[in-house]
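Student: Chains as they are written, first to last, in this note's numbering: chain A, 1 to 216; chain B, 217 to 496.
Mixed in with the good hints, there may be bad ones.
For the chain A half of the interface with chain B, some residues (derived, Cβ under 8 Å), not all of them [what the hints assert, rightly or not]:
(1) V43
(2) D87
(3) A91
(4) D115
(5) L118
(6) G121
(7) Q172
(8) R205
Subject to a maximum C-alpha distance of 25 Å in a straight line, what follows is the list of computed SDA-like cross-link-like pairs (lysine to any residue) [what the hints assert, rightly or not]:
(9) B:K370 / A:R38
(10) A:K26 / B:V333
(11) A:K89 / A:E120
(12) B:K394 / B:T340
(13) B:K370 / A:H204
(14) B:K483 / B:D416
(15) B:K310 / A:A128
(16) B:K370 / A:K89
(17) B:K310 / A:E120
(18) B:K360 / B:N343
(19) A:K41 / B:V242
(20) B:K483 / B:G374
(21) B:K394 / B:E337
(22) B:K484 / B:S449
(23) A:K41 / B:V333
(24) B:K360 / B:Y345
(25) A:K26 / B:G374
(26) B:K370 / B:E293
(27) B:K370 / B:A402
(28) B:K310 / A:Q172
(29) A:K26 / A:K89
(30) B:K484 / B:D472
(31) B:K310 / A:E199
(32) B:K310 / A:L117
(33) B:K310 / B:R240
(34) A:K41 / B:T331
(35) B:K370 / A:R3
(36) B:K370 / B:I349
(37) B:K310 / A:K89
(38) A:K41 / B:L254
(39) A:K26 / B:E346
(40) A:K26 / B:E373
Don't read these hints as lab results, they were simulated from the structure. We put the beta carbon where it would ideally sit given N, CA and C, even for glycine.
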Amino acid sequence: MIRLYDYVLSASCYKIRLMAALLGVKLDQEAVDFHPGRAHKSVAFAQLNPAGTLPVLVDGDLILTESTAMLVYLAQLAGRDWLGPLDPKSAAQVQHWLAFSGRLAASLGMARLHDMLLYEGDIDAWRAQGHAALRELEAALSERRFAGGVWLVGDAPSIADIACFPNVALSQDGGVSLDAYPSVRLWTRAIRALDRFVEMPGIHRLHELRPAPEVA
Amino acid sequence: MIAPEVLNEWYPVAMAAHIRAGQRRVTQLLGQPITVALQGGAIVVTGQGGALHVTEAFGHVWACPGTPAHPLFPIPEALETGRRLVDVGVVRVKCSPLRAVENFLDIAHFPFVHTDVLGAEPHTEVNRYEVQIREDSDEVWATKVTFYQPQAAKSAEGGIVTQYMYRVPAPTAAVLYKTCPVRPDAWDVIGIFVQPLSEDLCDVWPWMALYDDTTPQADLIAFQQMIFLQDRSILENQIPRLLPLDPGMEIPTQADLTSIAYRRWLKKRGLTYGAQMVAA
């Protein structure tokens with residue numbers, strides 16, 4: 001079975017848990033004491049991932065330490081539709097959003113770690129960079145909406161959406177509100193409404209769209 | 217001006233293991249800067265006016281910025297052999313420290329916030345339970361609490377009706393006792409220790425004393441952090457930010473008995489740091 005070295009509050013780990021759930025792939029999850037134990041910085045963990053980051057995905061002799069590579073791997077294995085359309089323009093756009101997700105982690109993700117787990121750093125700069133990234137995302141998703149689209153690339157959800165979703169949906173944890181980004185909010189709703197969607201702390205399932213118990 | 221009743225209480229300010237390992241924690245208590253550090257083998261908490269009263273218990277460092285009105289409350293179960301003591305680590309929450317405690321005492325939100333873990337629809341009813349302010353210890357206690365839970369603990373397999381007792385032994389600390397899935401004759405003990413940084417910002421330190429010899433430490437920590445972080449986004453969106461102690465606009469229900477007792481207890485004892493005294 002594919003093993004995921006995991007931390008429950010990590011946006012990047014959740015990316016992989018969510019992708020696997022949407023694809024129906026079962027993962028063997030190994031919890032790593034990221035906080036307060038900092039086990040990802042231990043000597044033992046460096047054997048697995050010298051960068052000391054989470055998640056780490058292991059399948060046989062394959063060891064992946066970049067979450068975007070894990071998304072590609074899972075989609076190639078279990079649901080190639082999730083790779084997005086294969087024409088040159090779309091394929092390049094998917095790569096764009098995979099790389100862009102790194103900017104979200106370096107801004108919104110760090111603001112969240114600062115506000116929640118007391119990471120030290122320039123919180124104002126992280127939030128400002130987060131807003132700059134959200135403005136780009138909002139512009140792109142608005143264009144997609146005007147063209148009748150919902151997802152970042154193509155007519156179906158892809159690894160591009162899953163890569164960008166967690167740090168955006170968790171932005172309020174870092175003191176960055178999504179109030180100014182209506183297209184982004186609608187897009188997060190669309191992802192939360194997907195069949196087999198799984199939640200994480202700070203990202204709730206869509207209770208409001210489910211029928212009331214007495215009606216069901 | 218902070219009331220002496222508030223200053224004379226004990227507050228958690230650090231995880232003892234971190235300070236003992238040589239870390240220094242520069243933080244805040246009741247709006248004032250403090251430093252927690254190891255000096256000559258002893259843990260010292262220093263504020264602007266000098267050293268604060270310090271004690272170490274339940275994995276954490278506790279400080280009293282005034283003159284302690286009483287010793288820190290006991291948790292006798294923490295001393296029982298065979299229990300696993302788990303320091304869950306700090307989480308910062310933009311809310312009143314009192315709201316963080318009140319949320320911990322609430323059962324009714326389980327199916328909606330901790331869906332499929334501590335509760336699930338349609339099992340939303342909070343059965344009748346008993347609440348008292350115990351005169352001998354001056355603590356708030358809720359007993360005979362029962363709730364259906366799909367996954368009550370990391371060690372639970374399948375849904376069970378969990379029994380609970382809740383206890384508020386200090387203004388910003390609460391302890392719960394719940395059915396231990398692997399030892400039905402014993403209680404698992406989970407505490408929430410809240411450090412009031414200011415009236416609307418706090419550092420929260422969950423802590424556990426469990427009977428569970430099999431679950432890896434990282435899984436126990438992850439489970440409790442998952443639960444608490446599900447609460448965090450709710451706590452940060454509560455309005456008003458301060459805990460209202462004036463009955464004002466609020467209409468409590470039967471399910472809120474513990475919360476009502478906690479609020480009355482705070483008011484009676486003048487523990488109003490983080491509280492709103494006049495209806496908004």
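Student: Run every hint past the structure and note whether it holds.
Tutor: Hints and how they fare:
The beta carbon of V43 of chain A comes no nearer than 16 Å to any beta carbon in chain B, farther than 8 Å, and the hint placing it at the interface is violated. A hinted interface residue such as D87 of chain A counts as satisfied when its beta carbon comes closer than 8 Å to some beta carbon of chain B; here the least separation is about 39 Å, so the hint is violated. Given the 8 Å rule on beta carbons, the hint for A91 of chain A is violated: about 36 Å separates it from the nearest Cβ of chain B. Checking D115 of chain A against chain B by beta carbon gives a least distance of about 6 Å; that is within 8 Å, so the hint holds.
Of the supplied interface hints, the one on L118 of chain A holds, with its beta-carbon coming within about 6 Å of a beta-carbon of chain B, less than 8 Å. Proximity of G121 of chain A to chain B is violated relative to the hint, the smallest CB-CB distance being about 14 Å (cut-off 8 Å). For Q172 of chain A, the shortest C-beta to C-beta distance to chain B is roughly 7 Å, which falls under 8 Å, so the interface hint holds. Against a cut-off of 8 Å between C-beta atoms, the interface hint on R205 of chain A holds, since the closest Cβ of chain B lies about 7 Å away.
For the proposed pair K370 of chain B and R38 of chain A, the alpha carbon gap of about 21 Å is at most 25 Å, so the pair holds. Straight-line distance between C-alpha atoms of K26 of chain A and V333 of chain B comes to about 20 Å, which keeps the hinted pair within the 25 Å bound. Between K89 of chain A and E120 of chain A the alpha-carbon distance is near 40 Å, which puts this suggested pair outside the 25 Å criterion. Pair hint K394 of chain B plus T340 of chain B holds up; C-alpha atoms about 18 Å apart against a cutoff of 25 Å.
Distance check on the hinted pair: K370 of chain B and H204 of chain A sit about 21 Å apart at the alpha-carbon level, within 25 Å; holds. Restraint check for K483 of chain B and D416 of chain B: the C-alpha separation of about 18 Å stays at or below 25 Å, so the hint holds. Only pairs whose Cα atoms come within 25 Å are accepted, and K310 of chain B paired with A128 of chain A is accepted, the gap being roughly 20 Å. For a cut-off of 25 Å, the pair hint linking K370 of chain B to K89 of chain A is broken: about 47 Å separates their Cα positions.
Between K310 of chain B and E120 of chain A, the direct Cα distance comes to roughly 17 Å. Compliance with the 25 Å bound is thereby established for this hinted pair. Restraint check for K360 of chain B and N343 of chain B: satisfied, since their Cα atoms lie roughly 9 Å apart, inside the 25 Å limit. A threshold of 25 Å between alpha carbons decides the hint, and for K41 of chain A with V242 of chain B the separation of about 23 Å falls inside it, so the pair holds. A threshold of 25 Å between alpha carbons decides the hint, and for K483 of chain B with G374 of chain B the separation of about 41 Å lies outside it, so the pair is violated.
Of the pairs offered as hints, the one joining K394 of chain B and E337 of chain B holds, with about 21 Å between alpha carbons and a cut-off of 25 Å not exceeded. Between the alpha carbons of K484 of chain B and S449 of chain B the distance comes to roughly 30 Å, so the proposed pair goes past 25 Å and is violated. For a cut-off of 25 Å, the pair hint linking K41 of chain A to V333 of chain B is broken: about 30 Å separates their Cα positions. Taking the CA atoms of K360 of chain B and Y345 of chain B, the gap is about 5 Å. The hint holds against a cut of 25 Å.
Among the hinted pairs, K26 of chain A with G374 of chain B is consistent with the structure: their alpha-carbon atoms are about 19 Å apart, no more than 25 Å. A distance of roughly 20 Å separates the Cα atoms of K370 of chain B and E293 of chain B; the hinted pair therefore holds under the 25 Å criterion. Between the alpha carbons of K370 of chain B and A402 of chain B the distance comes to roughly 16 Å, so the proposed pair stays at or under 25 Å and holds. Proximity of K310 of chain B to Q172 of chain A is assessed by CA-CA distance (about 11 Å); at most 25 Å being required, the pair is judged to hold.
Between the alpha carbons of K26 of chain A and K89 of chain A the distance comes to roughly 32 Å, so the proposed pair goes past 25 Å and is violated. At most 25 Å may separate the alpha-carbon atoms for a hinted pair to count; K484 of chain B and D472 of chain B meet this at roughly 18 Å. Between K310 of chain B and E199 of chain A the alpha-carbon distance is near 22 Å, which keeps this suggested pair within the 25 Å criterion. Under the criterion of a C-alpha separation no larger than 25 Å, the hint pairing K310 of chain B with L117 of chain A is consistent with the structure, at around 12 Å.
Taking the CA atoms of K310 of chain B and R240 of chain B, the gap is near 23 Å; set against the 25 Å cutoff, the hint holds. A hinted pair counts as satisfied when its Cα atoms are at most 25 Å apart, and K41 of chain A with T331 of chain B does not qualify at roughly 32 Å. Restraint check: the Cα-Cα separation between K370 of chain B and R3 of chain A comes to about 20 Å, which is no more than 25 Å; the hinted pair holds. Only pairs whose Cα atoms come within 25 Å are accepted, and K370 of chain B paired with I349 of chain B is rejected, the gap being roughly 31 Å.
Proposed proximity of K310 of chain B and K89 of chain A is contradicted: the alpha carbons are some 44 Å apart, above 25 Å. Our distance criterion of 25 Å between C-alpha atoms is met by K41 of chain A and L254 of chain B, whose separation comes to about 23 Å. Restraint check for K26 of chain A and E346 of chain B: not satisfied, since their Cα atoms lie roughly 44 Å apart, outside the 25 Å limit. Between K26 of chain A and E373 of chain B the CA atoms are separated by roughly 19 Å; this keeps the pair inside 25 Å, and the hint holds.
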